[in-house]
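**Student:** Just so you know, the protein sequences line up as chains A and B, in that order. Residue numbering for the first sequence follows my numbering, starting at 282 and increasing by one per position. Residue numbering for the second sequence follows my numbering, starting at 44 and increasing by one per position.
Derived by calculation from the structure, the hints in this document are not laboratory data. Predicted model only: the values in this text are computed from it and were never measured. Hints may be right or wrong, so weigh each one.
[Said to hold, decoys possible] Here are the in silico distance ranges between beta carbons for each label pair:
1. L138(B) - H429(A): 41 to 49 Å
2. A389(A) - L153(B): 51 to 59 Å
3. V173(B) - A576(A): 32 to 40 Å
4. D265(B) - P556(A): 49 to 57 Å
5. E408(A) - R142(B): 50 to 58 Å
6. V173(B) - A403(A): 41 to 49 Å
7. A411(A) - V188(B): 56 to 64 Å
8. T169(B) - T555(A): 29 to 37 Å
9. E408(A) - Y357(B): 54 to 62 Å
10. H429(A) - E277(B): 24 to 32 Å
11. V188(B) - P404(A): 34 to 42 Å
Every residue gets a Cβ at the ideal spot worked out from N, C-alpha and C, and that includes glycine.
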Amino acid sequence: MLALEGLEVRYATRQGEARAVDRVSLALAEGECLGLVGESGCGKSTIARAVMGILPPNGRIAAGRIRFRGQDLATLDPERSRELRGRRMALVPQSAMNAFDPVYTVRAQLDEAILAHGAMAAPARAERIAALFARVGLEIARLDDYPHQFSGGMRQRAMIAMAMALDPDLIVADEPTTGLDVVVQDQILQHIRSLHREQRKTMLLITHDMAVVAENCDRIAVMYGGRAVETGDRAVFERPLHPYTLGLCNAFPDLDDGGRALISIPGAPPDLVTPPAGCRFAPRCPFAENHCSEAEPALLEVEPGRHAACHRLDRIEEFRRRARDPDTWQTERKS
Amino acid sequence: MGGFRRYLLRRLAQAGFVVWCILTIMFLLFKLMPGDPTAIFVDNNFTEDMIQRQRMLWGLNDPWWVQYLRYLRNMLLFDFGHPFFQNESVAEIMLDKVRNTCLMIVPALLVSVVFGTLIGAYAGWTRGSVFERAAVATSLVLHSVPSFFVGILALMVFSYQLRWLPPGGMVPLGGPDTLWGMLASPDYWKHLVLPGLVLVSREITGPILLLRSSMLEVKGSDFLDMLRAKGLGEGRIVVHATRNALLPLVTYVAVMTGILFQGQVLLEIIFAWPGLGRELVQALTHLDFPVAQAALYLMALVTLALNLIADLLYGAIDPRVTYE
């Protein structure tokens, strides 16, 4: 249903063109939920924006295709693309706090989302909006409030209601729980989960929270420095194939093993204007060898449905063992 | 709404206090002015007796606090007395002058705000375009050129050289003298073109520059992405952005109107427009105390009222403003 083929997105910056997304290929079947995880700046939100067709003015799709129901979104005429947005695919945005226009009521903004895609009589619209609001558990009386009168969680619910306004096929949720407190996060995730499980929506869920992905997604793609470094099903977190995924798992608390100390990955994400040669993760990878900084590893199928881009897949058992040891991550790589 | 009522009452009380301050300062100023009003009013041939009678009549021999209280009462009742050199009461004259000044500044204000907003919003939206750069450059130039210079230049070219437009005045002698009569008279509009355009050429720059920068700020907002994501067309998105960018303009327009109302001395003199500013200057040069006092007082009142309206309007157009 949705397929990225060698997608490359670049941002014009003062330092030069940053390759925020570099040759990423991913496929999403009907009714599936794909989770994109990675650090800030790894290109996951850029993918959401590229799919939704809302890249900022300094961003452009430099290469590749985004196939959605047989059309290529990368080259689609702007008016056709506008017609898809909101109707066939909808966004649940990163910061619900600021995603509503502050000077219009919530009702007016939901109304507008419906009207953007064709006329509908006012009573029918009011009825649809009330139903949407009820479905996300908001009081209908609050419809005529302004966004600032809503709490963060209410706003995000209203955002989900708005995304569902025209019953789209694809939901792109870009860090939908950022900035919400834990209890509210859980409620929002339940709504998002029900969109996927009960209403059979295809979903692209972008987050840096691995627990969220592990709980909700059928398939997972781990991104690093604009590249997809590992893809697969839930097993990605149970038996990682890529050293970066190992590092990510170390950095997140584990409910089953609460006593485990968290280990962070030293260093910072790579510069995307002049990315490091070879494997992008090599400068931070405790297992990197000289070869890693020379040639870029390809994303290879390791097991059925499991892909990873690492030169030393043969030593992964050893890496997994050593990754548990905090000292492994402490040693600065000398290069 | 209880909050709003409290807020309104507080603002009104504040305004009342400011009015009192202004009146008191004015009283002191006019008291400190050199010369005795009777010295201006009376003729050299007046006897000392007649002068004393005049002083009595005006209450100038009363103690200062009696004079002060009487002055406060008269001002609050808009009873400005009679001018030294004209027959009508000051209140009547003021009404005429205020109307005439409004006949010049209101049309110019409307044009400036409407077109300035559109130009500024578009310039901000298309940042980096030729249009934006031209709009900013032109605005800065127009903003810096003194209006009396533009005014005299316009007079020279369009009145004296090309003879397209009348050189000054508002309507010819014997023309209409009611508000509606003037608005219906082509003469008024012909006389308005030059001073009006000179005024617009400077006043339009404020809304242009303000809207442009305000738009740039709004352009970075997350909600614009969301509008795009729900499939709105570019036109609707610009409407949303402009609606948000308009908020600071409200206060600006109120302040701008106040300044326009009291700031037209130069233009009114250059174009011989019988407005409040010209009247004030004439009154001051002739030491016509009652007229000068009334003109200053009205200017202060208008500025105060406009600021109050701006504050109240702000709450009406920005739902986030609360009165707690």
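**Student:** Note whether the CB distance of L138(B) and H429(A) lies within 41 to 49 Å or breaks it.
**Tutor:** holds (45 Å)
**Student:** How does the Cβ-Cβ distance of E408(A) and Y357(B) compare with 54 to 62 Å: does it lie in that range?
**Tutor:** violated (35 Å)
**Student:** Evaluate the given range 29 to 37 Å for the C-beta pair formed by T169(B) and T555(A).
**Tutor:** holds (32 Å)
**Student:** Within 49 to 57 Å: is that where the Cβ-Cβ distance between D265(B) and P556(A) falls?
**Tutor:** violated (28 Å)
**Student:** CB of A389(A) to CB of L153(B), is that within 51 to 59 Å?
**Tutor:** violated (28 Å)
**Student:** Please check whether A411(A) and V188(B) have a Cβ separation lying inside 56 to 64 Å.
**Tutor:** holds (58 Å)
**Student:** Take a look at whether the Cβ-Cβ distance between H429(A) and E277(B) falls inside 24 to 32 Å.
**Tutor:** Cβ of H429(A) to Cβ of E277(B): about 26 Å, so the range 24 to 32 Å holds.
**Student:** So does E408(A) sit 50 to 58 Å from R142(B), Cβ to Cβ?
**Tutor:** holds (54 Å)
**Student:** Has the hinted range 34 to 42 Å been met by the Cβ atoms of V188(B) and P404(A)?
**Tutor:** violated (57 Å)
**Student:** Is the gap between the beta carbons of V173(B) and A576(A) within 32 to 40 Å?
**Tutor:** violated (47 Å)
**Student:** Is the hinted range of 41 to 49 Å satisfied by the C-beta distance from V173(B) to A403(A)?
**Tutor:** holds (42 Å)
When held up to the earlier numbered hints, the structure conflicts with 2, 3, 4, 9, 11 and fits the remainder.
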